[in-house]
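Q: One letter stands for each residue in the lines below.
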Amino acid sequence: GENVEQHPSTLSVQEGDSAVIKCTYSDSASNYFPWYKQELGKRPQLIIDIRSNVGEKKDQRIAVTLNKTAKHFSLHITETQPEDSAVYFCAARTDSWGKLQFGAGTQVVVTP
Amino acid sequence: EAQVTQNPRYLITVTGKKLTVTCSQNMNHEYMSWYRQDPGLGLRQIYYSMNVEVTDKGDVPEGYKVSRKEKRNFPLILESPSPNQTSLYFCASRGTSDTQYFGPGTRLTVL
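Protein chains in written order, with my numbering: chain G, 1 to 112; chain H, 1001 to 1111.
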């Protein structure tokens, strides 16, 4: 089955700097890659996703890139703010009704 | 308001005492699933259901049961809870779009 690895496990950045989280997946049939943000004590919420027919997608200060050949995808957060502090999870899915396989998560801390 | 709800939100119980965590969604979603979240392990799927009366095992099904008698409800049953089932549990649902919606979570402690 699908295996998703996520790095780093913790990331500390200065406010205003950029943050990058990287994930690799094992199943070349995976075609959907969402990113979830989980604030302390809250539920995971979708922040951005990308399909395998697209190499990059951007939404304001966040962007996701996908390299199908290398089987990895990354989340980029620019101009980080304290409210970006959270745990971020990447995930991968092979088909419309397949399960989401999650990475282990990255704790992002943005220091003022 | 479109939402996924879970009850209870917090539960402390003892080994062997059967419990049920309820999950309900009001979005007419076909797909529902249960996850457990443990530090350093991310979200691991316990069971999922693609529609009424259709359920299947996820990655960590041992010690859990589910049922899907109605489209909106997907309860998680622990027949004989053990301390290694102490965890944070999330129910989730998805319709025909890609977006998966999570419930607020249930923090379970088994003593």
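Please keep in mind that the hints were generated in silico from the structure rather than gathered at the bench. This one's a predicted model, so the numbers in the text were calculated from it and none came from an experiment. Among the hints, a few may not be true.
[Unchecked claim] Once the Cα atoms are required to be at most 27 Å apart in a straight line, the calculated BS3-like pairs of lysine-lysine come out as:
no., chain 1, residue 1, chain 2, residue 2
1, G, K42, H, K1057
2, G, K22, G, K37
3, H, K1065, G, K42
Q: Confirm or reject each hint.
A: Going down the list of hints, with the structure as the test:
1. The straight-line distance between the Cα atoms of K42 of chain G and K1057 of chain H is roughly 26 Å, inside the 27 Å bound, and the hint therefore holds.
2. A C-alpha spacing of about 14 Å is found between K22 of chain G and K37 of chain G, which places the hinted pair at or below 27 Å, so the restraint holds.
3. The hinted pair formed by K1065 of chain H and K42 of chain G meets the criterion: a straight-line CA distance of about 25 Å does not exceed 27 Å.
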